[in-house]
Structure formats: C-alpha cells, structure tokens
Amino acid sequence: EPEVTQTPSHQVTQMGQEVILRCVPISNHLYFYWYRQILGQKVEFLVSFYNNEISEKSEIFDDQFSVERPDGSNFTLKIRSTKLEDSAMYFCASSRQPYGYTFGSGTRLTVV
Amino acid sequence: TQLLEQSPQFLSIQEGENLTVYCNSSSVFSSLQWYRQEPGEGPVLLVTVVTGGEVKKLKRLTFQFGDARKDSSLHITAAQTGDTGLYLCAGPGTYGGSQGNLIFGKGTKLSVKP
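Those protein sequences? They're chains A and B, same order as listed. By our numbering, the letter at position 29 of the first sequence is numbered 29, and the numbering carries on one by one without gaps. Plus 112 on top of the position in the second sequence (first one is 1) and you've got our numbering.
Calculated from the structure, these hints are not laboratory results. Just so you know, these numbers come straight off a predicted model, no measurement behind them. Virtual Cβ for every residue (Gly too), placed ideally from N, Cα, C. Warning: the hint list may mix true and false statements.
[Unchecked claim] Where chain A lies over chain B, by a calculated footprint (3+ residues, C-beta under 8 Å):
1. 149-155
2. 191-201
[To be verified] The list that follows gives simulated cross-link-like pairs (lysine-lysine, BS3-like), each with its CA atoms no further than 25 Å apart:
3. A:Lys42 - B:Lys182
4. A:Lys57 - B:Lys218
5. B:Lys218 - A:Lys42
6. B:Lys169 - B:Lys225
7. B:Lys221 - A:Lys42
8. B:Lys182 - B:Lys218
9. B:Lys171 - B:Lys225
10. A:Lys83 - B:Lys182
11. A:Lys83 - A:Lys57
Here chain A stands alone, though its shape is the one from the complex (with noise of 0.2 Å):
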C-alpha cells in the first residue's frame, strides 16, 4: 500500500531556529496538505497545495510557515523562527483529488 513518508520522525529545536519538515506524497497524487495537531488537541488544517502553489492556507499558516515542493518527489514544511507554541505534531496528507487523503505518521516538533 503506498505511504506518505515524513522526516524526520521527532526534531528538537531551540526557540528562534529554522526547522524543516520532510514528506514525500504518494508519487501519483496531486494535491497537498500539511495538518498540525498540538497534544490533546484538534487536528488543525494549515495549508494545502495544487499545481505548484498554495490553493488555501489558514489563519495559523502566517509569515514563518513557507511551503515547496522543490524537486516534484518531496513537499517541505519551514518554520522560520520556531516558537514555544509551535510544539506539536505535524501531518502531510495527500490526494489524487480534494479530500482523499493519506496522512503520513507525522513529525513531533518540540521546541524548547
């Protein structure tokens, strides 16, 4: 069965630092998310991607948060200047089409 693949599995990140969130989508999907779920919490949407820009983005996915699909295999999360609050997990999903999705198993962000 085809996965979505996220690295790294936990990061630990100083407060202020960049990080970088990996995925790489099923090969023959299209669309893109990336979720965050904060312990105890909701699954939260953040962003989603089509064609090669963002097609939505919620009032969470604000001026520290960029996303790329850089080489048409991997699809990234960055964080510029991570804050306390931005612990949490993270989900890539994808989708042949809007709402089909396969999540990937997430990277746990602590930032400390």
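Once you've looked at the hints, dock chain B against the given chain A.
Chain B only, in chain A's frame:
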C-alpha cells in the same frame, strides 16, 4: 464558524459490546469523513459519506450520514480490542476555496478491554 462536535469524548467498553459515537454540527456539510488515529500516528481514512441519509458498512463498522447532512454516527458491533483508538470525524472546511482542506472534531477516544 464551522464546528464538528464529537461525543462521547471518551468511551471504555468490554470486548463484544456494541457502541455508537456521534459527530454533530450546526452547519451543513457536503460530505463527512471518519478517521481512526492510533497514538503517534496519522489519521487513517475509514469512510466518506456524501449523500444525506447514506449508510455505509465496513465489516463491523456502520457509518450513517444524517438526512440534513449536519451529523453522522459510527456504530461498532461486537467491539474487539483492535478497535481501540481515536475516532475522528472531519468535513470540508472553507478558506476561500475548495481545494480539500478539512476541519476535524476533537474525536472519541475508544478503549475496548478484553
């Protein structure tokens, strides 16, 4: 603001029992999805319901979409320990487009004891 409220928040039952969990909203959704999430893993899609009144079955799991498309239920027959997990409902959100973003409920944490 679209919200999905799930109940109960926690459910602990014995193996073999039946259970129903609920997902409710004051908003109409074009579709709803149910996911199951294990600790430390991403949500796994179980089913998508699209038509008001629709019933879908996945082995011992029965999913229903309300006639008004504002609510959904998940019924598990003869629960097994392998059904333990967090059950999430999700529906299309709106951030100005229709490119697939979802809003999620907080989930029902199910524990099935042997």
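| Hints that the structure is at odds with (numbers, increasing) | Numbers 2, 10, in rising order.
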